[in-house]
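Please assemble the complex out of the two chains, which come individually in their own frames, going by the hints.
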Amino acid sequence: MDINVALAGNPNAGKTTLFNGLTGARQHVGNYPGVTVEKKEGVFQHNGFTMHIVDLPGTYSLTAYSVEEVVARDFLVNESPEVVINIVDASNLERNLYLTVQFLELGIPVCIALNMIDVAKSRGLEINVGKLSRLLGVPVVPTVARNGKGKIELTETASTIVQEKRIVKPLEISYGEDVDRALYRMEKVVRETGFLTDTYAPRWVALKYLEKDEQILSHGRKADRETADRLEAMVEDVAEHVMNTLDTYPEALIADHRYGFISSIMRQGVIKRHHDRDRLYTSDRIDKVLTHRFLGPVIMLCVLMGLYHFTFTYSELPVAWFGAIFDGLGSLVSASLPDGLLKSLIVSGIIDGVGGVLGFVPLIMFMFFGISILEDSGYLARVAFMLDRVFSMFGLHGSSVMAYIVSGGIAGGCAVPGVMATRTLKAPRERLATLLTVPFMNCGAKLPVMALLIGAFFAANQARLMFIFTLVSWAGALLIAKLLRVTVLKGPATPFVMELPPYRFPTFKGLMIHTWERTWQYIQKAGTVILGISVLLWAMMTFPGLPESTRQGFDAERDAIRASYDASVINEMTIAAESSALSEAAQNLNKKLAAVDYQEAETRLKHSAAGRIGTAMETVTRLAGFDWRINIALLGGFAAKEVVVSTLGTAYSLGDVDPEASASLSETLTASPMWSPLLALSMIVFIMFYAPCFVSVICIAREAGSWKWGLFSMIFNTIVAFLLATAIYQTGTTLGLLGR
Amino acid sequence: MARLIMRQMRDNQSGTISAIKAGGELGRRLRDMGLVPGTEIQVQGRAPLYDPVALKVMGFKLTLRNNEADFIEVEVD
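Line by line, the protein sequences give chains A and B.
Using the numbering used here, read the first sequence as starting at 1 and increasing by one per residue.
Using the numbering used here, read the second sequence as starting at 1001 and increasing by one per residue.
Bound conformation, chain B alone (with noise of 0.2 angstroms):
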């Protein structure tokens, strides 16, 4: 078990979320995905550019840029 950001994550690594560190509009577009602490994610991939991040949760797939899945911090499996 390991704290990590999400942006530090390997692609189809999976964990839960253990925090989100953003207010205001962006804290509440990730809430309104489901991104609330507790949460199960898993990092699909990331786009040929390696950015944004593709993301499974809660059986549907989202994806965030890296520098908005920054707030986001994970405990890794």
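Bound conformation, chain A alone (with noise of 0.2 angstroms):
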């Protein structure tokens, strides 16, 4: 027998942890359509009977505020799910059950998991779970997820609610006399007109417009305008009733009306207390030293720094491994493939493509591995507690903070694993905002090129302006998003209001799950689109070629080198393997060779697409100092931050420079009459804030769901770096500042 089941409850009341317990590695990771909510799915199967389980996401209601309320509840109605298993914590009851008088109200079969009913008895708490199921007319089955008690049990009794087909009839409580009144007189006009009613039940219907539910008034006003009108002239009537006699509005009196049927419930017996209610917990315990006023940020600035450790200490080796396979891959088909544009394709667009995806995976596994630890222990909250006055000055939230340190808060993140990292935070315009922000951070890419440029013209203040630029990156993305959330992103602070859960243990299963998963995401999407761009990139640095005439030239000045070498330096080049056991003679010879080569890849990059893109901006960015090198330079930075070093050393005839080493570009860079420390500070600065590289737009696309956002922040992030870097230079320029 196959049975559609939902599991539904409030977050941290362990819902994840069922789910895991019960479909264990069979489940599937997707979206909700059109929106960013994850939806899981995953199948159990047990004495005959499988269960197809879908995770709703955790919400404390079913109103339609937030995405996760509106997914939630779209999936009970629509899908209509033959059982819901509503996991309530037991330590947590009255404030849980809140949620489940809403599925009763909604008339769906509900059968309740009350969890962690190890909690609660350790609490001093006891449950006649017999009184609250006859009370609630539901089963109840007491479960502890975390070790697997109460799991086939519980599965059982749902399959038995499917397999006996009772009619569920809507739970009807009573809210008071004025909203009782206008309720019984709406619900007769809805069943009289059918309004909504293949969808919702009456009373349901006439519950959501006093509650002022936006989907489901909009929902009205779509399928049948007059009586849409019709009831919200007598919403307005009792509310305007309500605010004179009460001072309320309806939906408060409504919500109070489910407190107290719920309390009503809990007096006849069903909680039984066994310990003062005031009592400290073990939780309250530790609190009471993680947030204290001055020991609080103290350890906090601990553990961030030690999850920016943990996440790319220890990723090094790993990214290390990915990065050598890719090396070798590389030469082994450069050795086996004859040299052309095949190779060329497969070597620099393919494999450099391919490497670059799957190189970021331990970063987003190491990341999301630590971030879960804080999540699920619950330190993740307390972080948002005590940093949210700071980012709530800019338009931000207190969980902003993770994003921020990830990307490079700390210099040399990563935009990617930072990007994914806001989706710990709940606030859509909040997160969209920081989203937005944390490419501006110094990540471990941009370095090498910051450096590069720090060595050649600020050499003596190293250190202390790479501090500085931290603090610049900080200062930029807090300010751009004050700026977008008063923008593009205008709109109240979203309700701060949230739990601070008990700490707990993370399991070390749910854990795995959580890292795998996104970071398998991450590679299945990710992935299709990061090779496209990456070719095209690759495509855009080569084609068009040059031209026959001017590869023959570059043939001629090779034989002409050749031509004036003794036969003898000509012989012992084509014997010799290594270059050390060359004659000077034969050395001298080959640096010549050498420097055509490198003549030519410079002649070759410019003529290419995007040679000739640099060439034609030049006249807008010579605004900031930049000539068409430094332009093909930052456009190839747009495939990975570091191209920029080597993408310099071509345009500069440097050959291949290696980003790690590039003191040989540093030489050249400071004895060019172009070049200033100003100069270098302009595109030190344009570097911090322009275009992510695409990996990270593509990730910035698929968090933010849609493209729009992506190309903003390729555009937008460009404007302003290019203004910044503009005004840099002309000021520098006409102040006659850090010239040569």
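If you're looking for bench data, these hints aren't it; they were derived computationally from the structure.
Take these hints with a grain of salt, some might be off.
For lysine to any residue, the following SDA-like pairs were computed, each having C-alpha atoms within a straight-line distance of at most 20 angstroms [unchecked claim]:
hint: 1; chain 1: A; residue 1: LYS39; chain 2: A; residue 2: ARG26
hint: 2; chain 1: B; residue 1: LYS1021; chain 2: A; residue 2: ASP256
hint: 3; chain 1: A; residue 1: LYS490; chain 2: B; residue 2: ARG1010
hint: 4; chain 1: A; residue 1: LYS121; chain 2: B; residue 2: VAL1057
hint: 5; chain 1: A; residue 1: LYS288; chain 2: B; residue 2: ARG1010
hint: 6; chain 1: B; residue 1: LYS1021; chain 2: A; residue 2: TYR65
hint: 7; chain 1: A; residue 1: LYS288; chain 2: B; residue 2: ARG1046
hint: 8; chain 1: A; residue 1: LYS212; chain 2: B; residue 2: GLY1027
hint: 9; chain 1: B; residue 1: LYS1021; chain 2: A; residue 2: LEU246
hint: 10; chain 1: A; residue 1: LYS708; chain 2: A; residue 2: ASP256
Laid out in structure tokens, this is it:
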């Protein structure tokens, strides 16, 4: 027998733990259509029945304010699962039952998993399960999701509900005289006109109208304008009356009476308390230290630094392995294929592209593992609590800090996991503002470029400048976040009201599943796009190739050089494998030949599509001091920021420059008459703020749920960066500062 | 017995919510978290920068910003 089950409940009630316990690794993560909320599905088999379980997002209520709530409600109404398993935290029964009451009002078959019954017991709470079940009219099964206790009984109870095919009547409770009277009249109207009744129960529609539920109101207006207007007018009447007599809103009255209904159940001996209510639990004691006025921030700093080091230090080795594998693959292909376009495409386009995608995988895995620990243990909520005052000033949320740190708030992070870290943020506008500004942080790939320029022009103050630029990136990101929050992301702050869940030890299984599913999503979704763009960028740097005549010119030059040497030297070169073994004359020849090769590479680059774009943009970019060479390098930086160094090397006829060892390039730049400390400064600032690398752009688009935002971050960031760089360069030039 | 706005409450002070003056999204979020008239609360403390505030409600912990606490009136013991 196949059963469709939905898993629903409050956040922190153990819903995900139960889901993982039931489905194990047999789960599939996707997205609900059109929104970025994760949809988790899995299968549980037992005693001949197969349960298809959908893990609904954790919500406190079924209103239509957050995406999570809308998604959960739509699923329950439209997909009508045969039974809803409602996970309820036994140690926090009253608030958890608020959601349960709303399920019952909706009239769907519910089975309650009374979870964390062990925690409740340790807190001195004794719950009369039989009585609770009788009073609510639904089966209640005590469970401990962490160790799987009650799991089998729960699924058997759920399957019994499905087999019995009981007709479930929506729960009708009194919401007070005024609301009840209006509800009765409105229900009659709904019933008579058949208003939205093909999807919802009449009383429920009326109730949602009284609650001013945006989603139902707009459905109603579309379905039947006349009745909708009539109902809205009735709501206005009762709202006015309630405001005049009781100074409150109908929706508040409805909520009050739901809680009233719950406490009336509680009072009938469902719950017995063996301890004083004000007793301090272990969790409270931990909070006394971890959120202490002085100790709290110090510990938080250590934890955040720890997360950062964990992510970037421990992932170093696997990142290096990936690098080595792809380098090896590259050389293997290089050696086995003849020189030409195909080889260049496979090595520079495909292998580098795939390597680029997979290179981030260890980073993402380590970051999500670290963040999952902080999230599942309950510490992340404390971080938000302690830092919210600072971040709310910029229109952000206390939880934003995580994403900034990972992106390079401590110099050397990476925006890709940083962008993905914003998933822990539930406030929509704050999340988007965070997600769009984290790429301003100084990620690990910007560092070699900055190190090159600082080393070449500000060698005396290297350490101090790196520190200053870290501060500049923070200031820039926060101020731009504020700017976005008062312009494109305008809107009031999302209410902060947030639960501080009790501290818990994360389960290893939960952490692993969490980490893996997010990493796999990245590989799947980002992978294909990234490969495509990587090939496109390769093509831009390669095509069109040099015309035959130019190439022949270089060949002739090479021949001429060879001709000027003795035959014995040429001979020595073809035999010898190691350059160190060569005679002085042969080494000289080699150098001269390489110089021609580099010259040719420079000419080829300038001739390519990217080179032409770079040259064409010179007129504009001159304002910030950039010539075509810098332009091409910056274009290359869109593939990955460290590419700026190697492309600059090619553009200056130095061959491929290793970003980690760029001494020769540094010398060339200091010697070049065009370069000055001022230009270096202008370029550093531009690199800090311009378009994120395309892997980040793709992640931004995915996390924001629309390509529009990916495009926005490319264009907007580049404009901001260009304005800043121009301001610096022009001011400097006018005042004669930092010149040569 | 005195009526206070929640922002004015001292750390560790407890009381019973007498009114919530917020409508819209904030009002709903507060109610979803169990903050309704008649609910007993206790101020647990404040963040290092004195905002937001942490409360104990029905045996769980909750945090909200001071400007959100301004909408809540509490009858203190």
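Hints versus structure:
{"no.": "1", "hint": "LYS39/A - ARG26/A", "in the structure": "holds, 14 angstroms"}
{"no.": "2", "hint": "LYS1021/B - ASP256/A", "in the structure": "holds, 14 angstroms"}
{"no.": "3", "hint": "LYS490/A - ARG1010/B", "in the structure": "violated, 34 angstroms"}
{"no.": "4", "hint": "LYS121/A - VAL1057/B", "in the structure": "holds, 19 angstroms"}
{"no.": "5", "hint": "LYS288/A - ARG1010/B", "in the structure": "holds, 16 angstroms"}
{"no.": "6", "hint": "LYS1021/B - TYR65/A", "in the structure": "holds, 19 angstroms"}
{"no.": "7", "hint": "LYS288/A - ARG1046/B", "in the structure": "holds, 11 angstroms"}
{"no.": "8", "hint": "LYS212/A - GLY1027/B", "in the structure": "holds, 12 angstroms"}
{"no.": "9", "hint": "LYS1021/B - LEU246/A", "in the structure": "holds, 12 angstroms"}
{"no.": "10", "hint": "LYS708/A - ASP256/A", "in the structure": "violated, 42 angstroms"}
In summary, the structure is inconsistent with hints 3 and 10 from the numbered list given earlier, while agreeing with the others.
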